[in-house]
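Please build the complete structure, drawing on both the sequences and the hints.
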Amino acid sequence: MNPDLQGSPFASLLLIFLSAALTDNILLARFLGLCPCLGVSKKVDASVGLGMAVTFVTTFTAAINYLVYEYLLIPLDIAYLRLIVFIVIIAAFVQLVEMAIERLSEKLYQSLGIFLPLITVNCAILGTSLFMITRPFNLLQAFAFGFGAGFGWLIAITLIGGIREKINEDAVPAGLRGPGITLIVIGIMSLAFVVFSGMIQF
Amino acid sequence: MNKNSPIYVLGFMAALCAFFGTGVSLVHYATSDLLAANERLNHNRVICDAFDLPIDGQTPADYARAITESLEIAEATGANGNGSRRVYRRYDDDSGQLGLPFSGMGFWDRINGFITLDAERENIIRLRFFDHKETPGLGARIEEPRFLDQFDGLTIDWDAPVPRRVLIGTGHNADAPNRVDAITGATQTSNSLRDFLNTELERIRAIDIDALQFQRIDDTEL
Amino acid sequence: MPAQNAREIFRNGLLGDNPVYRQVLGICSALAVTNLLANTLLMGFGVIFTTTLSNWTVSLLRNYTPRRVRMIAQVLIIASYVMMVDIMIRAWAPDIHRFIGPYVGLIITNCIIMGRAEAFAGKNPPWPSLLDGLACGLGYTLVLIAIAVVREPLGFGTLLGYTLPARDLWWHSWTIMVMPPGAFFMLAIVTWFARSQLDQKQEKTT
Chain A
1 MNPDLQGSPF ASLLLIFLSA ALTDNILLAR FLGLCPCLGV SKKVDASVGL GMAVTFVTTF
61 TAAINYLVYE YLLIPLDIAY LRLIVFIVII AAFVQLVEMA IERLSEKLYQ SLGIFLPLIT
121 VNCAILGTSL FMITRPFNLL QAFAFGFGAG FGWLIAITLI GGIREKINED AVPAGLRGPG
181 ITLIVIGIMS LAFVVFSGMI QF
Chain B
1001 MNKNSPIYVL GFMAALCAFF GTGVSLVHYA TSDLLAANER LNHNRVICDA FDLPIDGQTP
1061 ADYARAITES LEIAEATGAN GNGSRRVYRR YDDDSGQLGL PFSGMGFWDR INGFITLDAE
1121 RENIIRLRFF DHKETPGLGA RIEEPRFLDQ FDGLTIDWDA PVPRRVLIGT GHNADAPNRV
1181 DAITGATQTS NSLRDFLNTE LERIRAIDID ALQFQRIDDT EL
Chain C
2001 MPAQNAREIF RNGLLGDNPV YRQVLGICSA LAVTNLLANT LLMGFGVIFT TTLSNWTVSL
2061 LRNYTPRRVR MIAQVLIIAS YVMMVDIMIR AWAPDIHRFI GPYVGLIITN CIIMGRAEAF
2121 AGKNPPWPSL LDGLACGLGY TLVLIAIAVV REPLGFGTLL GYTLPARDLW WHSWTIMVMP
2181 PGAFFMLAIV TWFARSQLDQ KQEKTT
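Chains as they are written, first to last, in our numbering: chain A, 1 to 202; chain B, 1001 to 1222; chain C, 2001 to 2206.
Hints are computed from structural coordinates only; laboratory data are not their basis.
Ideal Cβ positions, reconstructed from N, Cα and C, are used throughout, including at glycine.
Among the clues, some could well be false.
Here are a few chain A residues that sit away from chain C, every Cβ distance over 10 angstroms (derived from the structure) [as the list claims (entries may be wrong)]: (1) LEU72; (2) ILE155; (3) GLU165; (4) GLY180.
Simulated crosslink set (DSSO-like; lysine-lysine; CA at most 30 angstroms straight-line) [to be verified]: (5) B:LYS1003 to C:LYS2123; (6) A:LYS107 to B:LYS1003; (7) A:LYS166 to A:LYS107; (8) A:LYS43 to A:LYS107; (9) A:LYS42 to A:LYS107; (10) A:LYS166 to A:LYS43.
Spelled out as structure tokens, the structure:
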């Protein structure tokens, strides 16, 4: 399959979303965002919470960074500063979201609040913005790409959380409990995701 | 002063951004001439290598001279999607060998390369890369001789469908004359390279070489 | 937190609090570069250099940094250092840059640097922070080397690029060791080994 980026707008958005979420899964195919995943994936609830926060931030920062890159950095000829600019935008966005949630919804803040500092250091989010600018996207497509990448991360961490809940840790050798056994689980899952590779090409 | 007051926070961040932004910019502009020169040198070196041009020394001027003395250039409009593509041709012998840049999406970022073909465009002479950002130890092995040397003299199977004129990795026939081995463990890079190389070859074939206006290369461009 | 002495900082960074198998940081980059020993050494060098320098800077600024934006400040400092060094190497040593260029992104997103800035440099004076950065960078490099000396021979039949003796007679490469999943499994084994060794030691001393 080769998404025709000039063709039917909806089909191209859907393909971009699917490729970012499945074939190019940012956690299991590109191995970004592993550290917070290892730390948080003990329970499905926490995994889904962090995954949703990451999806939200990835989607919007991809779109914001797209606008800043196309309409500010390129016209000013300072594209070489993009790394710093992207990092600051992501961190500032996380900060804003944290403050907004804190004021708007006490309940949401309690469930998502603890994850927000973790997001700033999640390399999956910066990675998504950097991949996005290497592809010939328009604003909507960048948005779909960010949403797909974040959603893919959400799927992966939820699956890992589910498997970890089912693992009986008493049967695992002491030194291998926690991160050790999780690494093995992720290794096996990433082998499974290899079969998706190359199904959608740009 | 209250460290958590919004004004202090904003001021602190602004100062920090300004300081480091200026620092990076200063380093960037102070070295931009050097960077551009390095870029040109790398570009010329890859072209010399791909055409296997005779070179007298190792200095930038030697590479530039080798190119001006052996190659002529033309712009093929519409040969790169909507854009144009440079076509290099040897004029110092009667081989008429052609060289063209090609590029496409790798696993992480764009891969830019240069391919030399015989005058009939039936065989690849050499394939080289200007730059890429593939994973060290995995996809980055595309620039190792053991991978690149496989392309020397490779026959392009123009009768095959577009995606299978040059095969990288498993094909229907392991001994096919248009097949090279993929990089072990770097399936994604190998597949991306196969796909965009075949797409680019189709565009290269569509160029009407005889209609192009070849010109000698001006020294100052190199 | 009182300033620790140099020996203790080093022992923590290398063994007790080793960033990779204890704190589980820096995994993403550990996976990418450990299938060849030479790449591992380059990456280790870059990380040691960056943790040391950024720890020192973060510590210098620690009393002026508002708590709310400390993370933004830390990433900004790290990214700026890495980019400056990247540009300088590209300008003055372009041939070396061809080899280490791809590591730049990996170093910036390496959460060890961030983790140490947050856990140590934000609370301690500059010089101990500098030592801590050095020790954690070394600890990270040691674990990566341990993984690489298994993955490279098993995956390619070479070590530091040199072919193992009589490889073609008996050897068949394990492709899985070249691929990222191989790194997951090796990392799990190293974690297992290191943790059980450490736990035994702790039982003896207590």
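Structure-based check of all given hints:
Against chain C, the non-interface label of LEU72 of chain A holds: every CB pair exceeds 10 angstroms, the least being about 18 angstroms. Every CB of chain C lies more than 10 angstroms from the CB of ILE155 of chain A, the least distance being 18 angstroms, so the non-interface label holds. Every CB of chain C is more than 10 angstroms from the CB of GLU165 of chain A (nearest about 19 angstroms), matching its label as outside the interface. Once the 10 angstroms rule is applied to beta carbons, GLY180 of chain A is inconsistent with being away from chain C; the minimum gap is 4 angstroms.
Distance check on the hinted pair: LYS1003 of chain B and LYS2123 of chain C sit about 16 angstroms apart at the alpha-carbon level, within 30 angstroms; holds. A distance of roughly 28 angstroms separates the Cα atoms of LYS107 of chain A and LYS1003 of chain B; the hinted pair therefore holds under the 30 angstroms criterion. Between the alpha carbons of LYS166 of chain A and LYS107 of chain A the distance comes to roughly 28 angstroms, so the proposed pair stays at or under 30 angstroms and holds. Distance hint between LYS43 of chain A and LYS107 of chain A is fulfilled; the C-alpha atoms sit about 19 angstroms from each other, no more than 30 angstroms.
Restraint check: the Cα-Cα separation between LYS42 of chain A and LYS107 of chain A comes to about 22 angstroms, which is no more than 30 angstroms; the hinted pair holds. Proximity of LYS166 of chain A to LYS43 of chain A is assessed by CA-CA distance (about 10 angstroms); at most 30 angstroms being required, the pair is judged to hold.
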